[in-house]
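J.: Generate the whole structure from the sequences, applying the supplied hints.
Read off the chains here:
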Amino acid sequence: MTFYAFMGALEQGFAYGFLVLGVYLTFRVLDFPDLTVDGSLPLGAAVSAVAISSGVDPWVSLLLALGAGFLAGMVTGILNTKFGILHLLASILTMIALYSINLRVMGAPNVTLLGKPTVLDPLLNAGLGPFAAAPLLFGVLSCLGLLGLFWLLHTAYGLAIQATGANRQMITSQGVNADHVIIFTVGLSNGLAALSGALLCQSQGAADVNMGIGTIVAGLASVIVGETLFGCRSVGRALLAALLGSAVYRLAIALALSLKLGSFSFTPSDLNLLTALLVVGALILPQLRRKVLWR
Amino acid sequence: MIGISGLSKYFHRGSVNEVLALGGIDLQVRRGDFITVVGSNGAGKSTLLNCLAGSYPIDGGRIVIDDCDVTSWPEHRRARLISRVFQDPLKGTCGSLSIEQNLALAARRGRPHGLGLGVRRRDRDAFRRQLAQLGLGLEERLKDQVGLLSGGQRQALTLLMSTLVRPQILLLDEHTAALDPKTALQVLELTEKMVAELHLTALMVTHNMRQALQLGNRLIMLHGGRVILDISGEEKDRMTVEGLLQRFYAVRGETFDSDRMLLV
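Protein chains in written order, with the numbering used here: chain S, 1 to 295; chain G, 1 to 264.
Don't take each hint at face value.
[Claimed, not checked] Examples of chain S residues toward chain G, derived with CB under 10 Å:
no., residue
1, Tyr157
2, Met170
3, Gly175
4, Val181
By construction, these hints were calculated from the structure, which means they are not laboratory data. Positions of the beta carbon are idealized from the N, C-alpha and C atoms, including for glycine.
T.: Pasting the structure below:
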């Protein structure tokens, strides 16, 4: 793997970091398998790209993306809690609806940001190469996101979020409206996914309506790889594991793509297979470890 | 202070499987009443508690607590006035949170769970003091996950949590049934102590007739979704297990020999 491929993988890993933190929040903390992110990640990209194109500050466009993703997630939460639609189905419905909405937002299948300002500009102007600026900025931002979630999950409301996922009867008996907690948390998770989408479109220079395909699988893969490698004994540890898992996942993909065995090499079209194998491997590894220890 | 009037509840209403679970319950609970609730399986004991707590929507009647009509209140809103301990020790606590985090949630029952720190330092001292009352050594294990505790410890913790904010009414749904006899006795003694010290109003469902007669100041017997016996004070003190069974079988129109062992 070249140095550039390595930095590129880190950039992707940290840009997807917010998404992975969001997936951890729904999938692990709330026990709510949420596929909405396949639609909310490109929604964030679309909102950010369109906002920047029409002269909005790139940082403000991040906030707009966050808000748009939050609303999308709330829709899933409301479908699930207020109308009793199964969480998986509710999220799929929002996801496919978002495909059309994303096309409406952009007015075209994609929007390019060539020559437009991005959040990376200050670092690039300071003389950092693009291969260093993006991983650095996204790394710092996703660490801030991690600290923010760590704080949130330790507030009284955060404890209620954790308890809602683990024991709904208990938290209801403590006077908390579990429906509201679910709507807020799924909203937050999708806001984070949209933030990832916005960062990605600013570093890639374009938003594309198809950039969300497979987002949830990548997010789950990162969470599971992270848990397997770094553990999840406490909330802080699990959050850190999710973020590092995102970086490791992108590095593993980059490594696989740079692999050459004789005349055989992987192509980007093999990525889905590689991702599936990686997740299966991460799920099996703890079991194998246990079996070996039993002997 | 708690008025239940004409409370009715069907399961699977409108289908061929329709079951009348509660057929117009009328019950006035006075402040400080400690009522034990007995009855055979399917009599409606747990349904009554679940309807009071708001877990089940009801099909008719009114529930008034402290002059406040709570009939249309959702479960989480009623939690301001009502706290409960379940039969299943896993239900009342959150296994993936620590002891202090569970207590912190319970200490805010009925108040908003805001963005302040969940467990503050000054809370810890109070929690330690309160846990020490249980006599289980839990005060040294504030940061342990509740999932690590035994069923009896979890049930004692649930009991403490249900009284951290004083409830207008405490609902106990066979809360010692899943415990071994010795632990069950400990939890029961703890229940008695807490109800007495805090002057709580409580409803306790039990299958154990002797227990039902020993505890509390009032006893009601349910059958087929109706109150068929309501005794208190001296009348309850004079009542025996035999007497209860006789009343029970009289209502069912059966002789009381066949399966009496099941009830004792």
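J.: Confirm or reject each hint.
T.: Verification of the hints:
{"no.": "1", "hint": "Tyr157", "in the structure": "5 Å, holds"}
{"no.": "2", "hint": "Met170", "in the structure": "5 Å, holds"}
{"no.": "3", "hint": "Gly175", "in the structure": "4 Å, holds"}
{"no.": "4", "hint": "Val181", "in the structure": "9 Å, holds"}
Going through the hint list in order, the structure satisfies each hint without exception.
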